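Chains A and B are the protein sequences, given in the same order.
Be aware that the first sequence starts at 0, since it is given in numbering that gives the first Met the number 0, and climbs by one per residue.
Be aware that the second sequence starts at 0, since it is given in numbering that gives the first Met the number 0, and climbs by one per residue.
In case anyone wonders, no lab produced these hints; they're calculated from the structure.
Quick caveat, the model's predicted, so the values are computed rather than measured.
C-beta atoms are modelled at their ideal positions from N, C-alpha and C, and glycine is treated no differently.
Some hints here could point you the wrong way.
[What the hints assert, rightly or not] DEER-style ranges, computed between Cβ atoms:
{"no.": "1", "chain 1": "A", "residue 1": "19", "chain 2": "B", "residue 2": "69", "range": "14 to 24 Å"}
{"no.": "2", "chain 1": "B", "residue 1": "58", "chain 2": "A", "residue 2": "53", "range": "31 to 41 Å"}
{"no.": "3", "chain 1": "B", "residue 1": "162", "chain 2": "A", "residue 2": "7", "range": "51 to 61 Å"}
{"no.": "4", "chain 1": "B", "residue 1": "144", "chain 2": "A", "residue 2": "19", "range": "15 to 25 Å"}
[Said to hold, decoys possible] Calculated pairs, EDC-like style, for lysine to aspartate or glutamate (alpha carbon to alpha carbon, straight line, at most 16 Å):
{"no.": "5", "chain 1": "B", "residue 1": "150", "chain 2": "A", "residue 2": "28"}
{"no.": "6", "chain 1": "A", "residue 1": "21", "chain 2": "B", "residue 2": "131"}
{"no.": "7", "chain 1": "A", "residue 1": "7", "chain 2": "B", "residue 2": "131"}
{"no.": "8", "chain 1": "B", "residue 1": "23", "chain 2": "A", "residue 2": "8"}
{"no.": "9", "chain 1": "B", "residue 1": "162", "chain 2": "A", "residue 2": "8"}
{"no.": "10", "chain 1": "A", "residue 1": "14", "chain 2": "B", "residue 2": "40"}
{"no.": "11", "chain 1": "A", "residue 1": "21", "chain 2": "B", "residue 2": "132"}
{"no.": "12", "chain 1": "A", "residue 1": "36", "chain 2": "B", "residue 2": "41"}
{"no.": "13", "chain 1": "A", "residue 1": "21", "chain 2": "B", "residue 2": "24"}
{"no.": "14", "chain 1": "A", "residue 1": "10", "chain 2": "B", "residue 2": "15"}
{"no.": "15", "chain 1": "A", "residue 1": "14", "chain 2": "B", "residue 2": "108"}
{"no.": "16", "chain 1": "A", "residue 1": "14", "chain 2": "B", "residue 2": "15"}
{"no.": "17", "chain 1": "A", "residue 1": "36", "chain 2": "B", "residue 2": "105"}
{"no.": "18", "chain 1": "A", "residue 1": "14", "chain 2": "B", "residue 2": "131"}
{"no.": "19", "chain 1": "B", "residue 1": "23", "chain 2": "A", "residue 2": "38"}
{"no.": "20", "chain 1": "B", "residue 1": "150", "chain 2": "B", "residue 2": "132"}
{"no.": "21", "chain 1": "B", "residue 1": "163", "chain 2": "B", "residue 2": "116"}
{"no.": "22", "chain 1": "A", "residue 1": "10", "chain 2": "B", "residue 2": "40"}
{"no.": "23", "chain 1": "A", "residue 1": "7", "chain 2": "B", "residue 2": "133"}
{"no.": "24", "chain 1": "A", "residue 1": "21", "chain 2": "B", "residue 2": "133"}
{"no.": "25", "chain 1": "B", "residue 1": "150", "chain 2": "B", "residue 2": "131"}
{"no.": "26", "chain 1": "A", "residue 1": "36", "chain 2": "B", "residue 2": "40"}
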Amino acid sequence: MINEENNKEMKELLKQAITPVKDTELRRDLWPQMLRKLDQQRSRVPWFDWALAAILSAILFLFPGAIPALLYHL
Amino acid sequence: MELLERFAAGDLEAFETLFRQHQKEVYAWIVRIVRDSGIAEDLTVETFWRIYRSRTRFEPAGNFRAWARRIATNAALDHLRHARRETELPEDLPCAASEDSAVRGETRERIRQAFRELPAKYRLVATLALIEEEPYNNIAEAVGVSAALVKVRVFRAVRMLRKKLNSFGVEVAAK
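Just chain B, with the same shape it has in the complex:
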């Protein structure tokens, strides 16, 4: 029996093999969304727990990698929903704080605050599209919506950010 078939049938050894094959990739995807290595580790385990729980719904002929990424994205989104406003963007992830930076410290903090305050689903696509520069198609596949809808969400996120930044006194001209 193939690995995916054994996994779908509830074989723990098959699950362990899949876990070891995909844990790095799942973690790398999640850490780019949540931007905290400890939280990303917990969410990687949570993702595989969800994968194991819903193994009977997995079609062995399907694409496990894409399925895992979709579940990982949902787990990260759930985290953003619950942790919103309470968590700072982690300080250990560097920001471009050079002397010659056009944006000074205070402005930078306002941008970070405005970003934190975005609704989770907009923050997710804005992080992936604008900061991580992930192609729209990849985001769409991971979120489970069309690329057109991802574009719409990015556009709305930009509009919300602009509005929020203007309310903070940071001038961002609307085109």
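The following block holds chain A by itself, in its conformation from the complex:
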């Protein structure tokens, strides 16, 4: 009961400073934006691929002798 009264009092106070959102109508179709997001996400290279490339580069930099071996196996 006290909680309800507390909430009611705070609700009144809040509503004098922040009113409910009246305009909740979406003004445009968001599908084109959605398609762009889907395309961006599809073309994004996953972080673990970058990590793998970085590790491989570091190995080749530290052990250049491994380059012919790597090329042989490709």
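Put chain B on the given structure of chain A with help from the hints.
Same frame as chain A, now just chain B:
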């Protein structure tokens, strides 16, 4: 195959149909939480991106609307967590600034500041329950907790607001 089954199987056309059916409702829910139309549009797209990404986890016999609302609420909550303290409550959303208002401009600004400083999960339920007057059950379903826990969070939010307002010199009597 039904629309939801096709969506769960990764059919882009089915996803587009669902997007067009639900985008308005998802946007309307999010804008009431974040109170900014531009941010709400971005978060609507983010919500559907999350929906598309987790389509394999969706049970086609389930309630897509409720699932979408839950994901939208999480996206809005993530935004509140990251944007907290840095963003003002948008000015284009009107406040009751009439001459005869019992709360004057300065007090009103302090109330808004205290509200902004609430932790995100409390701000979310306080916005929906106290400002938007959404029923506890709807909030509970959207947040993914019980209605009792929503009540507890609203109570804690009110307590935090009262404490903060008192520290700002705005007298709010505790009952």
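Here is what the structure says about each hint:
{"no.": "1", "hint": "A:19 <-> B:69: 14 to 24 Å", "verdict": "22 Å, holds"}
{"no.": "2", "hint": "B:58 <-> A:53: 31 to 41 Å", "verdict": "39 Å, holds"}
{"no.": "3", "hint": "B:162 <-> A:7: 51 to 61 Å", "verdict": "18 Å, violated"}
{"no.": "4", "hint": "B:144 <-> A:19: 15 to 25 Å", "verdict": "23 Å, holds"}
{"no.": "5", "hint": "B:150 <-> A:28", "verdict": "36 Å, violated"}
{"no.": "6", "hint": "A:21 <-> B:131", "verdict": "10 Å, holds"}
{"no.": "7", "hint": "A:7 <-> B:131", "verdict": "13 Å, holds"}
{"no.": "8", "hint": "B:23 <-> A:8", "verdict": "33 Å, violated"}
{"no.": "9", "hint": "B:162 <-> A:8", "verdict": "14 Å, holds"}
{"no.": "10", "hint": "A:14 <-> B:40", "verdict": "25 Å, violated"}
{"no.": "11", "hint": "A:21 <-> B:132", "verdict": "12 Å, holds"}
{"no.": "12", "hint": "A:36 <-> B:41", "verdict": "10 Å, holds"}
{"no.": "13", "hint": "A:21 <-> B:24", "verdict": "14 Å, holds"}
{"no.": "14", "hint": "A:10 <-> B:15", "verdict": "39 Å, violated"}
{"no.": "15", "hint": "A:14 <-> B:108", "verdict": "12 Å, holds"}
{"no.": "16", "hint": "A:14 <-> B:15", "verdict": "38 Å, violated"}
{"no.": "17", "hint": "A:36 <-> B:105", "verdict": "42 Å, violated"}
{"no.": "18", "hint": "A:14 <-> B:131", "verdict": "9 Å, holds"}
{"no.": "19", "hint": "B:23 <-> A:38", "verdict": "22 Å, violated"}
{"no.": "20", "hint": "B:150 <-> B:132", "verdict": "13 Å, holds"}
{"no.": "21", "hint": "B:163 <-> B:116", "verdict": "9 Å, holds"}
{"no.": "22", "hint": "A:10 <-> B:40", "verdict": "27 Å, violated"}
{"no.": "23", "hint": "A:7 <-> B:133", "verdict": "14 Å, holds"}
{"no.": "24", "hint": "A:21 <-> B:133", "verdict": "14 Å, holds"}
{"no.": "25", "hint": "B:150 <-> B:131", "verdict": "15 Å, holds"}
{"no.": "26", "hint": "A:36 <-> B:40", "verdict": "13 Å, holds"}
Checked against the numbered hints above, the structure violates hints 3, 5, 8, 10, 14, 16, 17, 19 and 22; every other hint is satisfied.
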